[in-house]
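*Asks:* In short: position in the sequence shown from 1, add 887, done, that's my numbering.
It should be emphasised that the hints constitute simulated quantities derived from the structure, not laboratory data.
Computed from a predicted model, the values in this text were never measured in an experiment.
Using N, Cα and C, we set each Cβ at its ideal position, and we do this for glycine too.
Fair warning: there could be bad hints in the mix.
To be verified - Derived DEER-like restraints, expressed as beta-carbon distance ranges: (1) Phe-1191 to Asp-1085: 36 to 42 Å; (2) Val-1119 to Pro-1017: 20 to 26 Å; (3) Phe-1191 to Ala-900: 53 to 59 Å; (4) Thr-1000 to Ala-909: 52 to 58 Å; (5) Pro-1017 to Ala-914: 23 to 29 Å; (6) Gly-1118 to Gly-997: 26 to 32 Å; (7) Ala-934 to Val-903: 29 to 35 Å; (8) Ala-1021 to Lys-891: 51 to 57 Å; (9) Pro-929 to Ala-1021: 55 to 61 Å; (10) Ser-1003 to Phe-897: 23 to 29 Å; (11) Phe-1191 to Ser-1011: 34 to 40 Å; (12) Glu-977 to Thr-1000: 15 to 21 Å.
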Amino acid sequence: MNRKVLGALFGLAAVVVLISLAFVLPAKHSGAHDLPVGIAGPPQASASIQQTLATAAPGDFEFRSYGSAGELRTAIENREIVGAFSTTAEGSTVMVTSAGGAPIAQTLRGIATAMSAQTGTEVSVEDVVPTTAADPQAAGISGLALPLVIGGIIPAVVLARLLPRKPLQQAGAALGFAIITGFALGAVLHFGLGTIDDNIVLVSLGIALGMSAISLTLIGLTGLLGMAGFGVGVLTMMIVGNPLSGIASSAYWLPSGWAELGQLLPPGASGTLLRSLAFFGGHGGGAALIVLICWAAIGVALSFAASRRTPAGAAEPSSTVDESVAVS
């Protein structure tokens, strides 16, 4: 075996290791990190809860004070907080939202159980924004991480072959694909899995926007930079964006810094927007919507620049780039 082949093998092995680390490290370090939770009740009782949790789970929670249990519910419904603790004369209640992410809801339920054992009195649990009975874990939403990315990559690859050196036409076709696929997946979530009860149209459009943000960016990068642009785009969306998306758990479940980066990329922004549309009436999805629109706009701008540089049908030194992308 010559040195060139041996070097290639070691290089490929290193790439696989790096890809594995990109997926494993976020999962390994996931957990409660400054989770924004609300608290309402008599000052002494509220202070006691905060002190107990700060001692038992330092750094896990960021407490925000509210005036009543009703305000806590409203804050949860608006996605300002991921859970809450309410203390009244009738007793204590831990408020959760299973629709906001199963791991966080399970953590808060566990705290309620521990509080009951510690105080000897029952601490009730209220699911303010629940998931559907047909899909209590919201698996339909959680499982969209990879399909969203693949649904963005596929049209970029196929359309590079069908419409070579026509990036604007590729962008238009990719948008059509995203809309068709978005409504197909929305129908599956509603009629097939029972993940969502309402807002099927908005959820479908959210899926379409997420896929468009990815596919339009890849088409623009490929048209402007060829295979190098396509490779950078895929690595960004698949290797960085996918594991940092937080779709299955919630961005709050990722370490600080990683979560923010994930929300600036289409997979993470798509997950946040879809949960907001599916369960929270759109609340908390504004920033994610802006991120996706910006990525889609950047993709269109890159496609426009590529079309200006290489008119349809004109010969170019890298004329085999798009076909190489399709074959790969």
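*Asks:* 23 to 29 Å was suggested as the range; check whether the CB atoms of Ser-1003 and Phe-897 agree with it.
*Replies:* Given range 23 to 29 Å: violated, Cβ gap about 56 Å.
*Asks:* 15 to 21 Å was suggested as the range; check whether the CB atoms of Glu-977 and Thr-1000 agree with it.
*Replies:* Hint holds: Cβ distance 19 Å, inside 15 to 21 Å.
*Asks:* Determine whether the Cβ-Cβ distance between Phe-1191 and Ala-900 falls within the hinted range of 53 to 59 Å.
*Replies:* Hint violated: Cβ distance 40 Å, outside 53 to 59 Å.
*Asks:* Could one say that the CB atoms of Thr-1000 and Ala-909 fall in the range 52 to 58 Å?
*Replies:* violated (35 Å)
*Asks:* Given a hinted range of 23 to 29 Å, is it respected by the beta-carbon distance of Pro-1017 and Ala-914?
*Replies:* holds (26 Å)
*Asks:* Is it true that the C-beta distance of Phe-1191 to Ser-1011 lies inside 34 to 40 Å, as the hint says?
*Replies:* Violated - the Cβ-Cβ distance for Phe-1191 and Ser-1011, about 57 Å, lies outside 34 to 40 Å.
*Asks:* Can the suggested window of 29 to 35 Å be confirmed for the beta-carbon pair Ala-934 and Val-903?
*Replies:* Because 51 Å falls outside the window, the suggested range is violated.
*Asks:* State, for the Cβ atoms of Pro-929 and Ala-1021, whether the hinted interval 55 to 61 Å holds or is violated.
*Replies:* violated (40 Å)
*Asks:* Note whether the CB distance of Val-1119 and Pro-1017 lies within 20 to 26 Å or breaks it.
*Replies:* violated (41 Å)
*Asks:* With respect to the beta-carbon atoms only, verify the hint that Gly-1118 and Gly-997 lie 26 to 32 Å apart.
*Replies:* violated (43 Å)
*Asks:* Looking only at beta-carbon atoms, does the pair Phe-1191, Asp-1085 fall within the given range of 36 to 42 Å?
*Replies:* Taking Cβ atoms as reference, Phe-1191 and Asp-1085 lie about 37 Å apart, which means the hint holds.
*Asks:* Looking only at beta-carbon atoms, does the pair Ala-1021, Lys-891 fall within the given range of 51 to 57 Å?
*Replies:* Holds: the Cβ-Cβ distance is about 56 Å, inside 51 to 57 Å.
Hints 2, 3, 4, 6, 7, 9, 10, 11 from the list above are not met by this structure, while the remaining hints are.
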